[in-house]
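Chains as they are written, first to last, in the working numbering: chain A, 1 to 148; chain B, 1 to 135.
Hints in this document: simulated from the structure, not taken from any laboratory.
All of these numbers come straight from a predicted model, not from anything done at the bench.
Hints are supplied without guarantee of correctness; some may be wrong.
Quick list of the computed label-pair ranges, beta carbon to beta carbon [claimed, not checked]: (1) A/Ala19 - B/Pro41: 24 to 30 angstroms; (2) A/Thr12 - B/Asp21: 30 to 36 angstroms; (3) B/Thr87 - A/Ser5: 35 to 41 angstroms; (4) B/Ala18 - A/Ala30: 27 to 33 angstroms.
Every residue, glycine too, gets a C-beta built ideally from N, C-alpha and C.
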Amino acid sequence: MDTQSLETAFRTAFAPLLAGEIGEKGATSAALLDFCHPKGTFVVDDLPYPLDKTGLADHRAFHDGGLWSKCTLAIVSLNIDVHKTTDGLSGVIHGTYNLRGKPTDAGFRQRPGHLSAMCVWDDTAKSWQALNIHFSPLFAQVLDASPS
Amino acid sequence: MDAGTLAQAFEALRAALAQGDLEAFFGAILPEAAILDEDLPFGGDKAAFQDHISFHGPDNWQGFGWVPRDLRFTQYAGVGSVVGYATFRGKPVDAGYRIRPMMFSQGWRKGSDGWKLLLWHQSPIVGHVTRISPA
């Protein structure tokens, strides 16, 4: 397994968001949940606490449930790295994104941020799985970053 | 070689930073690690992180601490994840004090040299609650 296979797994997981199909086109986050390890932990851009996989599924169902006319994850930069471990392969993904779209009955929204994911190759399932995924809004990285 | 547990590796990293043992602290981080720090709008590697930590040295801080809490450890096939809350807190030189509560996610890999850090993403909680809704 190489970096290309990991990038493909990542883009497959986020395909409905990347294609702007969350919203009126009725896509769901099922592929993202398939990418998430059952014991993984996930930090989303709009909640102040980490989620387990069940919590992530509930949060994505909220966003997938007709609140958006259209919502798109625009990837600005993406870095992929694969390393051997004592027992398999690890995969690191990090980059920047712009989460943008039109909420139903509201103008439009843009939320640029950092993204990262720590992944493991599951040799039994023959697939990459994310042990953690972290999305964070960029403006907090610069808001109040200095004491003076 | 007993590589120890992921929790032990994390604790060693935390303790090294708390004690100002930067050799041990940076020794736990692989050169190719990706660092998305809480006070920069762009990512960096270990070298950039070392430069950034140098900036946050004695000239600018009389003292600061990184205090992690509510940790969630997961590992599978030699890959480790640590996710939790953390607070940067301390006293800048010539200014009152600072507290920055945040969430963080780390990725570790287990090799012949033990557990080493490959990914560290930190984000202030204020960003996860401010302007999150359109209505």
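Hint-by-hint comparison with the structure:
no. : hint                                  : verdict
1   : A/Ala19 - B/Pro41: 24 to 30 angstroms : 27 angstroms, holds
2   : A/Thr12 - B/Asp21: 30 to 36 angstroms : 42 angstroms, violated
3   : B/Thr87 - A/Ser5: 35 to 41 angstroms  : 38 angstroms, holds
4   : B/Ala18 - A/Ala30: 27 to 33 angstroms : 43 angstroms, violated
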